[in-house]
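Engineer: Residue numbers (the working numbering), protein chains in the order written: chain A, 1 to 338; chain B, 339 to 733.
Simulated from the structure, these hints should not be mistaken for lab results. C-beta: ideal position from N, C-alpha, C; glycine also. Incorrect hints may appear among the rest.
[As the list claims (entries may be wrong)] Using C-beta positions, here's what the derived DEER-type ranges look like:
no.: 1; chain 1: B; residue 1: E732; chain 2: A; residue 2: R289; range: 34 to 40 Å
no.: 2; chain 1: B; residue 1: E460; chain 2: A; residue 2: T68; range: 46 to 52 Å
no.: 3; chain 1: B; residue 1: R423; chain 2: A; residue 2: E261; range: 36 to 42 Å
no.: 4; chain 1: A; residue 1: E254; chain 2: B; residue 2: K378; range: 18 to 24 Å
no.: 5; chain 1: B; residue 1: N554; chain 2: A; residue 2: K208; range: 52 to 58 Å
no.: 6; chain 1: A; residue 1: E136; chain 2: B; residue 2: S598; range: 57 to 63 Å
no.: 7; chain 1: B; residue 1: K378; chain 2: A; residue 2: P30; range: 54 to 60 Å
no.: 8; chain 1: A; residue 1: E136; chain 2: B; residue 2: S355; range: 48 to 54 Å
no.: 9; chain 1: B; residue 1: K509; chain 2: A; residue 2: R289; range: 35 to 41 Å
no.: 10; chain 1: A; residue 1: P189; chain 2: B; residue 2: K378; range: 35 to 41 Å
no.: 11; chain 1: B; residue 1: R522; chain 2: A; residue 2: R289; range: 37 to 43 Å
no.: 12; chain 1: B; residue 1: S355; chain 2: A; residue 2: W257; range: 21 to 27 Å
no.: 13; chain 1: B; residue 1: D533; chain 2: A; residue 2: P189; range: 52 to 58 Å
[Unchecked claim] Selected chain A positions facing chain B (Cβ under 8 Å, derived; list incomplete):
no.: 14; residue: H146
no.: 15; residue: G148
no.: 16; residue: L149
no.: 17; residue: R150
no.: 18; residue: C228
no.: 19; residue: R232
no.: 20; residue: Y233
no.: 21; residue: W257
no.: 22; residue: W262
no.: 23; residue: C265
no.: 24; residue: G267
no.: 25; residue: V275
no.: 26; residue: F276
no.: 27; residue: D278
no.: 28; residue: M282
[Claimed, not checked] Cross-link-like lysine-lysine pairs, in silico, DSS-like; alpha carbons within 30 Å at most:
no.: 29; chain 1: B; residue 1: K418; chain 2: B; residue 2: K528
no.: 30; chain 1: A; residue 1: K315; chain 2: B; residue 2: K367
no.: 31; chain 1: A; residue 1: K311; chain 2: B; residue 2: K347
no.: 32; chain 1: B; residue 1: K347; chain 2: A; residue 2: K318
no.: 33; chain 1: B; residue 1: K367; chain 2: B; residue 2: K716
no.: 34; chain 1: B; residue 1: K643; chain 2: B; residue 2: K385
no.: 35; chain 1: A; residue 1: K36; chain 2: A; residue 2: K124
no.: 36; chain 1: B; residue 1: K643; chain 2: B; residue 2: K695
no.: 37; chain 1: A; residue 1: K36; chain 2: A; residue 2: K315
no.: 38; chain 1: B; residue 1: K367; chain 2: A; residue 2: K311
no.: 39; chain 1: B; residue 1: K367; chain 2: A; residue 2: K321
no.: 40; chain 1: A; residue 1: K208; chain 2: A; residue 2: K171
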Amino acid sequence: MKKNERNLVPPGLSYIADNIGSRDNILGLPVEARAKWAEGIEFSRDKSTIFFAGCGYQYSSMLEPLVTLVRTADRMSIDPDLPVVLAGIPKKMGVDVAGIYTKVLAHGDGGDSGVLRDAVGVLKYLGISVGYLGVEEPCCGAPLYHMGLRREFAVNAGKTVDRFRSHGVRKIVSIVPSCTHALRTLFAPAVPGYDIEVRHFIEEVADKIRPGQFRYPHNVKVAYHDPCQLGRYMGLIEQPRRILRAVENVELTEPEWTSGEWSTCCGGGGGFEVVFPDMSQMLAEGRIRELADTGADVIATQCPGCLMQLKSGLKALKKDKIEVIDLATLLARSMNTK
Amino acid sequence: MSISKDYRKELRNAAGSGRIRLALSRAIKSYRVNTDNALKRFPHTVKMAEEVRLIKEASIQQMAELARKAGRSIEENKGKSHFARTAGDALRIIGDIVGNKSLVVKAKSMTAEEIRLREHLEEAGNEVYETDLGEFIIQKLGQRPMHILSPAIHVPREDVAELFTQITGSKQQPDIDKLVATARELLREKFFKADVGISSANVVSADTGTLFMIENEGNIRLATGAPPVHIALVGLEKLVPTLEEAFKVAEVTWRYANYSVPSYVSLVSGPSKTGDIEKVTTYGVHGPREFHVIFLDDGRTQLAKDPVLRQALYCLRCGGCLYECPVFGLTAGYFGDKYFAGIGAVWAAEVTRNMEKASSMAYTCLTCGRCKVRCPMKIDVPEMILALRKSIAEP
Chain A
1 MKKNERNLVP
11 PGLSYIADNI
21 GSRDNILGLP
31 VEARAKWAEG
41 IEFSRDKSTI
51 FFAGCGYQYS
61 SMLEPLVTLV
71 RTADRMSIDP
81 DLPVVLAGIP
91 KKMGVDVAGI
101 YTKVLAHGDG
111 GDSGVLRDAV
121 GVLKYLGISV
131 GYLGVEEPCC
141 GAPLYHMGLR
151 REFAVNAGKT
161 VDRFRSHGVR
171 KIVSIVPSCT
181 HALRTLFAPA
191 VPGYDIEVRH
201 FIEEVADKIR
211 PGQFRYPHNV
221 KVAYHDPCQL
231 GRYMGLIEQP
241 RRILRAVENV
251 ELTEPEWTSG
261 EWSTCCGGGG
271 GFEVVFPDMS
281 QMLAEGRIRE
291 LADTGADVIA
301 TQCPGCLMQL
311 KSGLKALKKD
321 KIEVIDLATL
331 LARSMNTK
Chain B
339 MSISKDYRKE
349 LRNAAGSGRI
359 RLALSRAIKS
369 YRVNTDNALK
379 RFPHTVKMAE
389 EVRLIKEASI
399 QQMAELARKA
409 GRSIEENKGK
419 SHFARTAGDA
429 LRIIGDIVGN
439 KSLVVKAKSM
449 TAEEIRLREH
459 LEEAGNEVYE
469 TDLGEFIIQK
479 LGQRPMHILS
489 PAIHVPREDV
499 AELFTQITGS
509 KQQPDIDKLV
519 ATARELLREK
529 FFKADVGISS
539 ANVVSADTGT
549 LFMIENEGNI
559 RLATGAPPVH
569 IALVGLEKLV
579 PTLEEAFKVA
589 EVTWRYANYS
599 VPSYVSLVSG
609 PSKTGDIEKV
619 TTYGVHGPRE
629 FHVIFLDDGR
639 TQLAKDPVLR
649 QALYCLRCGG
659 CLYECPVFGL
669 TAGYFGDKYF
679 AGIGAVWAAE
689 VTRNMEKASS
699 MAYTCLTCGR
709 CKVRCPMKID
719 VPEMILALRK
729 SIAEP
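All chains, full assembly: derive it from the sequences and hints.
Structural biologist: Next comes the structure, spelled out in structure tokens:
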């Protein structure tokens, strides 16, 4: 579809759509920037079961400053559409977008990409063997679907499935909730004959975990934040709780009214954070208040978007005694290997 | 540009003030507690809601037929039935009945809000009073409603006191009891002097032509009982085949609207009549002599054809979803057009046809899906929003 036909789609979202089409990732990063997080990790050569990393965790070190930028623009009452912001505002605000890109290219990880390393480590620890497509990993294109571009989504899904098939992929262990939902629910109607099994990381872990395998380094009170797509869309509500209950030294705590299927959105749903950055921040702070009221030391979740939002909320509210981490990181810290 | 600048500004101002957030956070808390208690006291409601979903699904498929049937029933009951294909038709029909220089008392009605009925009647030279307290406050403030059941949810008592001071010309204290007494005093004589009473209905049974009106204040009883003429404006989606089904719809509606039991449910099927003198039927005893029902289509038949978006017609307007919507919690009705939040985007696109607003609202929805968890009809708002975005992005 031509760009001008999308004139009713907010430009910030359209920008992401173009990147998926042209560069196979939501930020339009060149191929050299991809799969850096996995350097040094040994994956199974058998690609019949693969780990699917997705964009969110992998590029979080880029996403965070960009969203901060958009939020600042919004507060300054500048039209907060991403391309506009990227074009002119950063220089005026003294933010170096090119520098951020370079940094990501140089270091590969940073941000929350460590979560991916943690997740693969946990899978290995539990004896779950996975391959990885590396720079060949395609983009699921979920944002296209969420912004209404279903034809582009279907075209991308077809290409993605071809890539999977060319590597002989039969099963995917995915970790980003929106990728997981797209791969397992949205692909089948879009791609004829699609029959790849898609499981989320926490399903694999919940099936394998046994008492005594994980012990957090010290006693902690943990509140779990259900990502919308994991909890309400895919019904994975019991699994993360079963996992947390199996970790020694962890005491699970839940906010009144707003946990499980009633969990409050972090404010980053469906691209909301780039369309209404300021309100998105308010929602993040509101959710932190609900979770912090439980008296938790640690807020655990399992979504790169939620992670970014909740950290941002935490920072604004100066709740520096609380830590927001991914469930995979919590588990990696608790492996009884040391 | 899909998010209109004015809308963005309105949302930002609403969210930024913090006042709506405070009012809503209190309302959300009490809504959750009240509904929880109502469902604990009447646990059969959950199962009944599933039954009502099936009733609505079947009814939406045959709205035109149900309207004809209900129309025949109402005529048999000696009422008058009208069919309005568009909002304009409805305004013309009601305008003709009301005329000008009439005194009109109005119950709160989303359908009337949808077609801007009050404004239309006022422009024609009638004096119109909203009689629901919240709606009365909103009318006098010259604002638009911010919640479907509690239109003045964002107005604190101090502001009401100031408003009533202006209206009455005497100093009013920000004491809720006293403010309610003032409203009662202001409106009491209007009910009895009014030429016409206007209402809507929560559900209508086609077999008997009976309108169900759920309320707590008692204003609907007075507005539909005291004046000599009663006009009811009813969207086609409110029709169900039988009285028995209508009772189920009504009970589920009020329970999810956080009332264990509402103070009043009025059932009206025709004009007031007597045969007490020589068995000669005479109309207009203590209640209205004339009873008019206007069934409004205005895009509903078209909407019913869409396999995804038709879910919007299953809505009972209990308002539960609004309390669960995180964006609504910041902005109240500013995240809305005539109807609010995610489901409101569908009504804006398909019924009031405000496409600019509809597309702005479609991209305001978080698609988080908590509204669906609350909804007694399990309306899949994220699914509808994504379908709507598709029709916006790929026309």
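Engineer: Look at each hint and say if it fits the structure.
Structural biologist: Now for the hints, and whether the structure bears them out:
{"no.": "1", "hint": "B:E732 with A:R289: 34 to 40 Å", "verdict": "39 Å, holds"}
{"no.": "2", "hint": "B:E460 with A:T68: 46 to 52 Å", "verdict": "49 Å, holds"}
{"no.": "3", "hint": "B:R423 with A:E261: 36 to 42 Å", "verdict": "41 Å, holds"}
{"no.": "4", "hint": "A:E254 with B:K378: 18 to 24 Å", "verdict": "20 Å, holds"}
{"no.": "5", "hint": "B:N554 with A:K208: 52 to 58 Å", "verdict": "54 Å, holds"}
{"no.": "6", "hint": "A:E136 with B:S598: 57 to 63 Å", "verdict": "60 Å, holds"}
{"no.": "7", "hint": "B:K378 with A:P30: 54 to 60 Å", "verdict": "58 Å, holds"}
{"no.": "8", "hint": "A:E136 with B:S355: 48 to 54 Å", "verdict": "50 Å, holds"}
{"no.": "9", "hint": "B:K509 with A:R289: 35 to 41 Å", "verdict": "39 Å, holds"}
{"no.": "10", "hint": "A:P189 with B:K378: 35 to 41 Å", "verdict": "40 Å, holds"}
{"no.": "11", "hint": "B:R522 with A:R289: 37 to 43 Å", "verdict": "39 Å, holds"}
{"no.": "12", "hint": "B:S355 with A:W257: 21 to 27 Å", "verdict": "25 Å, holds"}
{"no.": "13", "hint": "B:D533 with A:P189: 52 to 58 Å", "verdict": "57 Å, holds"}
{"no.": "14", "hint": "H146", "verdict": "7 Å, holds"}
{"no.": "15", "hint": "G148", "verdict": "3 Å, holds"}
{"no.": "16", "hint": "L149", "verdict": "5 Å, holds"}
{"no.": "17", "hint": "R150", "verdict": "5 Å, holds"}
{"no.": "18", "hint": "C228", "verdict": "4 Å, holds"}
{"no.": "19", "hint": "R232", "verdict": "4 Å, holds"}
{"no.": "20", "hint": "Y233", "verdict": "7 Å, holds"}
{"no.": "21", "hint": "W257", "verdict": "6 Å, holds"}
{"no.": "22", "hint": "W262", "verdict": "6 Å, holds"}
{"no.": "23", "hint": "C265", "verdict": "4 Å, holds"}
{"no.": "24", "hint": "G267", "verdict": "7 Å, holds"}
{"no.": "25", "hint": "V275", "verdict": "5 Å, holds"}
{"no.": "26", "hint": "F276", "verdict": "7 Å, holds"}
{"no.": "27", "hint": "D278", "verdict": "6 Å, holds"}
{"no.": "28", "hint": "M282", "verdict": "6 Å, holds"}
{"no.": "29", "hint": "B:K418 with B:K528", "verdict": "25 Å, holds"}
{"no.": "30", "hint": "A:K315 with B:K367", "verdict": "26 Å, holds"}
{"no.": "31", "hint": "A:K311 with B:K347", "verdict": "27 Å, holds"}
{"no.": "32", "hint": "B:K347 with A:K318", "verdict": "28 Å, holds"}
{"no.": "33", "hint": "B:K367 with B:K716", "verdict": "21 Å, holds"}
{"no.": "34", "hint": "B:K643 with B:K385", "verdict": "27 Å, holds"}
{"no.": "35", "hint": "A:K36 with A:K124", "verdict": "19 Å, holds"}
{"no.": "36", "hint": "B:K643 with B:K695", "verdict": "22 Å, holds"}
{"no.": "37", "hint": "A:K36 with A:K315", "verdict": "28 Å, holds"}
{"no.": "38", "hint": "B:K367 with A:K311", "verdict": "26 Å, holds"}
{"no.": "39", "hint": "B:K367 with A:K321", "verdict": "27 Å, holds"}
{"no.": "40", "hint": "A:K208 with A:K171", "verdict": "17 Å, holds"}
Violated hints are absent here; each numbered hint is respected by the structure.
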